[in-house]
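Take the sequences, apply the hints, and build the full model.
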Amino acid sequence: MAVIAENTVNFTKALAPTSLSVSKSNIEKAMYTLENSPLPTTRNEAWKYTRLVKIGKVKFQNTKATIASIDPYKIVESACTFVFVNGHFSAELSSRVIPAGVTCELLSELNEEIGTSVNLENELFNATNTAHLTGGIRITISAKTVVESPIQIIHVLKGDHVISNFRTIIKAEKFSKSAIVQGFFSEEGEVNFCNNITEVSVEDNAFLTIDKIQYESENSFHINTEEVQQAKNSNFTINTFTLNGGIVRNNLHINVNGENCESHLNGAYLLKNKQHVDNHSIVDHKVPNCESFELYKGVIDDNSTGVFNGKVYVRQDAQKINAFQSNGNVLLSDNATINSKPELEIYADDVKCSHGSTTGQLDEEAVFYLRARGLSEKSARQLMVSAFIGEVLNKVENEQVLDFIHGILRKRFDWNL
Amino acid sequence: MIKIENLHARVEEKEILKGLNLTVNAGEIHAIMGPNGAGKSTLASVLAGREDFEVTEGSVDFDGEDLLEMDTEERAREGLFLAFQYPVEIPGVSNVNFLRTAINEIREHKGEDPISAKDFMAMVREKSALVELDAKLASRSVNEGFSGGEKKRNEIFQMAMLNPKLSILDETDSGLDIDALRIVANGVNKLKTKNNATIVITHYQRLLDYIVPDFVHVLFDGKIVKTGGKELALELEEKGYDWIKEELAAAH
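Top line first, the protein sequences correspond to chains A and B.
For the first sequence, the residue numbers in our numbering are 1 to 417.
For the second sequence, the residue numbers in our numbering are 418 to 669.
Wrong hints could be hidden among the right ones.
[What the hints assert, rightly or not] Straight-line alpha carbon distances no greater than 25 Å define the calculated DSS-like cross-link-like pairs of lysine-lysine that follow:
# : chain 1 : residue 1 : chain 2 : residue 2
1 : A       : K395      : B       : K553
2 : B       : K647      : A       : K378
3 : A       : K144      : A       : K171
[To be verified] If you want the ones that stay clear, here's a sample from chain B, every Cβ over 10 Å from chain A, calculated:
#  : residue
4  : E432
5  : G454
6  : D488
7  : R492
8  : R494
9  : P504
10 : P508
11 : V510
12 : K553
13 : D596
14 : T610
[As the list claims (entries may be wrong)] Estimated spans, in silico, between C-beta atoms of each pair:
#  : chain 1 : residue 1 : chain 2 : residue 2 : range
15 : A       : N335      : B       : N606      : 50 to 60 Å
16 : A       : D363      : B       : G565      : 17 to 27 Å
17 : A       : L402      : B       : I532      : 20 to 30 Å
18 : A       : E92       : B       : A546      : 22 to 32 Å
19 : B       : T644      : A       : L402      : 52 to 62 Å
20 : A       : N394      : B       : D530      : 22 to 32 Å
21 : B       : R557      : A       : V53       : 44 to 54 Å
22 : B       : N606      : A       : E391      : 56 to 66 Å
23 : B       : G565      : A       : N394      : 49 to 59 Å
24 : B       : R623      : A       : E399      : 31 to 41 Å
25 : B       : R557      : A       : A16       : 53 to 63 Å
Rather than coming from a laboratory, the hints here were simulated on the basis of the structure.
Glycine included, every Cβ here is placed at the ideal spot set by N, Cα and C.
Below is the structure:
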């Protein structure tokens, strides 16, 4: 037992306790987990395809750092842009013109206890985030507020072996409509770890969209947990784009608590070299008359690995649910791997649900067809990959977000389309 | 334009073309007919550069260049066009988008500037009208959900857009009703100039009522065994291929 416990907390050993006003009881629960829960292994169903051994070996630290400019990381032009470097707020790089009806509070400046809706029991990374919370932000969009331009939150990791334990709390109040853009980047550093939690509450009749871009270095770790609560008549969309990162895990947990909700989960991942990206989602339909749409697509090259595990629950009382889930993958090399596990658990008897998973290679006949029209082989393959992933990109409404993604595709994947 | 000499080609271990000779000059239309399995589509595939086929002997001269040394895309850029027997559906890739990329890569190959969006769209309108292809189809995903006739019209639309020197129509008439056949043939005829040439590969004489060939060749067992004028096609339609087989047997 003692051996396991020692292994477990290795990666948090060098970390100071949080200086934020996290509630005492949460810290106690988190510490208990850190002391007693081992690092999950692949014997654990939730981590079956993702090995965390590499993370367990590193002694992470949290240091402050400064970056010269935010320009390379600016996804959209927004006067309301918050920048965090290693989880610490950077006042000089941020632009705090807060739209009317919106409140943005730094958790480091909060004069009240910080609670949480995430599970701390046996959840090592949630516990780490809680006990060693570096920084955070709470965004409240007040009732009936319509926010025209998105609120942007940019994270940059800098330095070696740096961990950022960050918390974003978003509250979209009744009848509000807003969009949040989150970007995760790294510069000049080795083996960093972004351990991020986003807690979202979408109240009655509120519309909320989150566009999330993950573009860290190839030897970094990234664990992102979103805990979403949807109240009746609400509409929630989250678009996740994973374009770089060493080991990336997205835990997306949507609790549909009220009737007549819509939930949209879209994701695209383009991997190369030895990247490993794991998208884990749960949509929990607890009540009747709701719809959820999930579309994840991946392009996997070289020795990289993709994991998709999407679960949809339809609870016994949740009649008249329409739930659709689809995961498609294209493998571009013989050594590329995808583990795809779409799951439906339905306890109601009057529902319309479907799920599907496809994995294939590019259609060589189509490549030949395009080449026979004069396209180079590279252009032909790129055109087909972009068409494949385009179905997910088309879900993004913000043109600036799309342009930013295309910029990365040109830079990292040498696209010229 | 193109000079094929003693062409031998095989797929896996099976030899299909066994010493084929054919010369096509600018301004000419040649029809290649023959029974199933004679090697008609293999010829089209070999000329377009499909990698499943291995050329074991012979040469193909295309306007002074060695065609067999070129990649598929290089052949296309040099002005060779294959209208596919089975046009491929490519979901998500829009017809006009890929054509613009193709045209620009061809232009780059020739050292020309990219086409302007305005000129390109004008060309799309003009050329789609030529084959009576709905402008909406032109901008949809390549062949996705197209009817058989629409797919073949789309091939000729692409041919019109790319303006090739030599077009090879591989069984473009198969599966077409008479209206679609007429539209396709009409498109091909309108695109004909004294500077380009067409090879029409077909199983049936019917298409040749609409695209009138200067020469008709019979391809049999991997070789061209008989060449004549357009009346040869009618004779084949009427009598089938058996008399040719008998003629060949008698000659040996």
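So, going through the hints one by one against the coordinates:
1. Of the supplied pair hints, the one linking A/K395 and B/K553 holds, its CA atoms being roughly 22 Å apart against a limit of 25 Å.
2. Proposed proximity of B/K647 and A/K378 is contradicted: the alpha carbons are some 43 Å apart, above 25 Å.
3. A hinted pair counts as satisfied when its Cα atoms are at most 25 Å apart, and A/K144 with A/K171 qualifies at roughly 13 Å.
4. Separation of B/E432 from chain A is adequate, the least Cβ-Cβ distance of about 22 Å exceeding the 10 Å criterion.
5. Interface exclusion of B/G454 from chain A stands, the closest Cβ pair being 21 Å apart, more than 10 Å.
6. The beta carbon of B/D488 is not kept farther than 10 Å from every beta carbon of chain A, the shortest such distance being approximately 7 Å.
7. The Cβ of B/R492 does not lie farther than 10 Å from every Cβ of chain A; its closest approach is about 8 Å, which violates its non-interface assignment.
8. Annotated as non-interface, B/R494 brings its C-beta within 10 Å of a C-beta of chain A; the closest such distance is 5 Å.
9. Distance check for B/P504 against chain A: the nearest CB is about 7 Å away, which does not clear 10 Å, and the non-interface claim fails.
10. Distance to chain A contradicts B/P508 as a non-interface residue, since its nearest Cβ pair spans about 7 Å, not more than 10 Å.
11. With a closest Cβ-Cβ approach of about 4 Å to chain A, B/V510 is found to fall inside the 10 Å limit, against its non-interface label.
12. Non-interface status of B/K553 relative to chain A is upheld: no Cβ of that chain comes within 10 Å, the nearest being about 18 Å off.
13. At the 10 Å boundary, the C-beta of B/D596 stays outside the reach of chain A, the nearest C-beta of that chain being 26 Å off.
14. Every CB of chain A lies more than 10 Å from the CB of B/T610, the least distance being 20 Å, so the non-interface label holds.
15. Evaluation of the 50 to 60 Å hint for A/N335 and B/N606 yields a pass: the beta carbon distance comes to about 51 Å.
16. For A/D363 and B/G565, the Cβ-Cβ distance of about 20 Å falls inside the hinted range of 17 to 27 Å, so the restraint holds.
17. Range check, A/L402 to B/I532: Cβ separation about 25 Å, and the 20 to 30 Å hint holds.
18. A C-beta distance of roughly 60 Å is found between A/E92 and B/A546, which places it outside the suggested range of 22 to 32 Å.
19. In this structure the hint that B/T644 and A/L402 lie 52 to 62 Å apart at CB holds, the actual value being about 57 Å.
20. Under the hint 22 to 32 Å, the C-beta atoms of A/N394 and B/D530, about 31 Å apart, fit the expected range.
21. Here the CB-CB span from B/R557 to A/V53 is close to 49 Å, well matched to the stated 44 to 54 Å.
22. Checked against the hint of 56 to 66 Å, the pair B/N606 and A/E391 fails, with Cβ atoms roughly 40 Å apart.
23. For B/G565 and A/N394, the Cβ-Cβ distance of about 29 Å falls outside the hinted range of 49 to 59 Å, so the restraint is violated.
24. The hinted range of 31 to 41 Å is not satisfied by B/R623 and A/E399, whose Cβ atoms lie roughly 51 Å apart.
25. Between B/R557 and A/A16, the C-beta spacing of about 59 Å keeps the proposed range 53 to 63 Å intact.
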